[in-house]
Amino acid sequence: MTDITPILATSGSIYIDGTKIEGVSNVKFGDKNIMKDITVLGDLAKKNYPTIQEWSLSFDMKTLRTDPGQIKLRASKSAKTNLVYIVYINGSMYYTSEGGFVEGIDYNLASAEDISDSSVTISSYGTATLTS
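Position in the sequence shown (first residue = 1) + 358 = our numbering.
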């Protein structure tokens, strides 16, 4: 029987263009390849081949007006700029993206505190590389 050693992701964090984004939770990072059907006449089964890498990043955060990472995030959304993201899974394992665009920031304005909740989605631009 094979031993299973899970990866504990307790020290996860997100950096935008070298600056940490504070107040982040519920991080979801997806890394996939677009599959191209290469089945030809005479094949006995469908064949696919990975072509283009596509990644996605979404997370929730407590909106902090003065956080430098969140300021960069909001500025990137407004200016439609492509910035580099690093997603740390734990202390030694992380994804570095070639770049990404802020697709959306959804604010939950129902909270009564000075700090509101928001959800962020990032769209890929280029590749993402896993370092472990």
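Hints were generated in silico from the structure; no laboratory data involved.
Careful, some of the hints might be misleading.
[As the list claims (entries may be wrong)] Lysine-lysine pairs mimicking BS3-like chemistry, simulated, CA-CA at most 30 Å apart:
| no. | residue 1 | residue 2 |
| --- | --- | --- |
| 1 | LYS404 | LYS438 |
| 2 | LYS435 | LYS378 |
| 3 | LYS394 | LYS405 |
| 4 | LYS390 | LYS430 |
| 5 | LYS394 | LYS404 |
| 6 | LYS386 | LYS430 |
| 7 | LYS386 | LYS420 |
| 8 | LYS386 | LYS438 |
| 9 | LYS420 | LYS404 |
| 10 | LYS405 | LYS390 |
| 11 | LYS420 | LYS438 |
| 12 | LYS390 | LYS438 |
| 13 | LYS420 | LYS405 |
| 14 | LYS378 | LYS394 |
| 15 | LYS378 | LYS420 |
| 16 | LYS390 | LYS435 |
| 17 | LYS378 | LYS438 |
| 18 | LYS390 | LYS404 |
| 19 | LYS435 | LYS405 |
| 20 | LYS394 | LYS430 |
All of these numbers come straight from a predicted model, not from anything done at the bench.
Going through the hints against the structure:
A hinted pair counts as satisfied when its Cα atoms are at most 30 Å apart, and LYS404 with LYS438 does not qualify at roughly 40 Å. A hinted pair counts as satisfied when its Cα atoms are at most 30 Å apart, and LYS435 with LYS378 qualifies at roughly 16 Å. With a C-alpha separation of about 8 Å, the suggested pairing of LYS394 with LYS405 holds against the 30 Å cut-off. Only pairs whose Cα atoms come within 30 Å are accepted, and LYS390 paired with LYS430 is accepted, the gap being roughly 26 Å.
With a C-alpha separation of about 11 Å, the suggested pairing of LYS394 with LYS404 holds against the 30 Å cut-off. Of the pairs offered as hints, the one joining LYS386 and LYS430 holds, with about 20 Å between alpha carbons and a cut-off of 30 Å not exceeded. Annotation: proposed proximity of LYS386 to LYS420 holds, straight-line Cα distance about 16 Å (limit 30 Å). Using a Cα cut-off of 30 Å, the hinted pair LYS386 and LYS438 holds, with the two alpha carbons roughly 22 Å apart.
With a CA separation close to 46 Å, the supplied pair LYS420 and LYS404 exceeds the 30 Å bound. With a CA separation close to 17 Å, the supplied pair LYS405 and LYS390 stays within the 30 Å bound. A distance of roughly 22 Å separates the Cα atoms of LYS420 and LYS438; the hinted pair therefore holds under the 30 Å criterion. For the given pair, LYS390 sits about 24 Å from LYS438 by alpha-carbon distance, which is consistent with the 30 Å threshold.
Restraint check: the Cα-Cα separation between LYS420 and LYS405 comes to about 45 Å, which exceeds 30 Å; the hinted pair is violated. At most 30 Å may separate the alpha-carbon atoms for a hinted pair to count; LYS378 and LYS394 exceed this at roughly 36 Å. For the proposed pair LYS378 and LYS420, the alpha carbon gap of about 14 Å is at most 30 Å, so the pair holds. Between LYS390 and LYS435 the CA atoms are separated by roughly 24 Å; this keeps the pair inside 30 Å, and the hint holds.
Restraint check for LYS378 and LYS438: satisfied, since their Cα atoms lie roughly 19 Å apart, inside the 30 Å limit. Restraint check: the Cα-Cα separation between LYS390 and LYS404 comes to about 19 Å, which is no more than 30 Å; the hinted pair holds. Between the alpha carbons of LYS435 and LYS405 the distance comes to roughly 39 Å, so the proposed pair goes past 30 Å and is violated. At roughly 36 Å between alpha-carbon atoms, LYS394 and LYS430 are farther apart than 30 Å, so this suggested pair is violated.
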